[in-house]
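**Q** Sequence:
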Amino acid sequence: MTTFYHGLRVLGFLFHRLAFALVVLAAITAVTTTTLALFGVLPWLEISLAFGGEPLANAGVWVQSILTGLAVMLAFFLPSTKRILTLENSHRSFQLGMHDVARAYQFAHAADRAESFKLSSEFDSVRERLVYLRQHPDLGTLEPEVLEAAAQMSHVSKELADTYSDDALARARDFLRQRQSEVERFNSRLDQAKMVATELKHWLHEVELEESVAASQLERLRDELREVMPELGVQVMIDAEVESENVSRLPRAAE
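The numbering used here applies: residue 1 is where the sequence shown begins, and numbers increase by one.
Calculated from the structure, these hints are not laboratory results. A quick note: this is a predicted structure, and the numbers were derived from the prediction, not measured. Yeah, the Cβ is synthetic: ideal placement off N, Cα and C, and Gly gets one too. Keep in mind that a hint or two might mislead.
Here are the in silico distance ranges between beta carbons for each label pair [said to hold, decoys possible]:
hint	residue 1	residue 2	range
1	Ser116	Ala193	46 to 54 Å
2	Glu210	Arg171	54 to 62 Å
3	Leu70	Leu42	18 to 26 Å
4	Arg177	Gly7	45 to 53 Å
5	Asn187	Glu210	46 to 54 Å
6	Leu70	Gly40	21 to 29 Å
7	Glu199	Ala110	16 to 24 Å
8	Leu14	Asp167	48 to 56 Å
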C-alpha cells in the first residue's frame with residue numbers, strides 16, 4: 001500500500017511538471033504568434049462569429065488576443081504554484097525527518113531503559129547516546145543531525161527511562177502475577193466454601209423435615225393411644241412414658 005501511494009505521488013508530480021511546461025510553451029507560442037500577426041508577418045486568426053444575428057468584425061483578432069492574454073496570465077500565475085509545491089516538499093521532508101528522529105529515539109530510549117548508558121553529565125550522556133545510534137545497524141542511513149536530535153531527546157527523557165526501566169517493569173509484572181495468583185486461589189477457596197455452605201443448608205433442611213415428620217407421627221400415636229386407653233390411670237402413665245421418650249429421642253434426632 002505504501003508503494004502504491006508513493007507511485008501515485010510520483011505520477012502526480014510528473015503530470016504537474018508536464019502541465020507547467022505545456023502552459024509555458026502555450027504562452028510563448030501565443031505571444032510570438034500574436035506579435036508576428038501584429039507586425040504583419042503572420043495572418044490573424046479567422047473565426048466567423050455572430051451576436052444577435054449580426055456578424056462580428058475581426059472576431060479572430062479578438063479571440064486570438066484574449067487567448068494570448070489568458071496564456072500570459074497563466075504563465076505569471078505559475079511561479080506562485082511553484083512556491084506552494086516547494087513548501088509542500090519542504091513540509092514532506094520535515095515530516096520524513098521527524099519520522100526518522102522518532103525511529104532513532106525509540107532505539108535510544110529502549111537502550112536507556114535497559115540501562116545501557118552509564119554517564120551522567122549532559123555532554124557525556126548525549127555523546128554516549130550518539131555513539132550508540134551511529135553504531136546501530138538499522139540507523140546507518142540517517143543523517144548525523146537526525147541522530148543528534150534523537151540523542152538529545154533521549155537525554156531529556158532519561159528520568160522517564162529510569163522510572164520505567166526494564167527491571168522496574170519486570171518487578172511490577174512479577175508483583176501483579178503474584179497478586180493475580182493469590183486472587184485465583186482465594187476465588188477457588190471461596191467456591192469451595194459456597195459448595196460446603198450449600199451442602200450444609202440442604203442437609204439442615206432434610207434434618208428439619210425428618211424431625212417434623214417424626215413429631216407428627218408421635219402426635220398421631222398419642223392420639224391413637226388416648227382413644228384405645230380410656231382409663232385415667234393407664235392414660236396418665238402412657239402419657240408420661242410417651243412424653244419422656246419424646247424428650248429423650250428428639251435431641252438425638254437433632255444431632
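**Q** Please write out, lowest number first, the hints stated earlier that are contradicted by the structure.
**A** 5, 7
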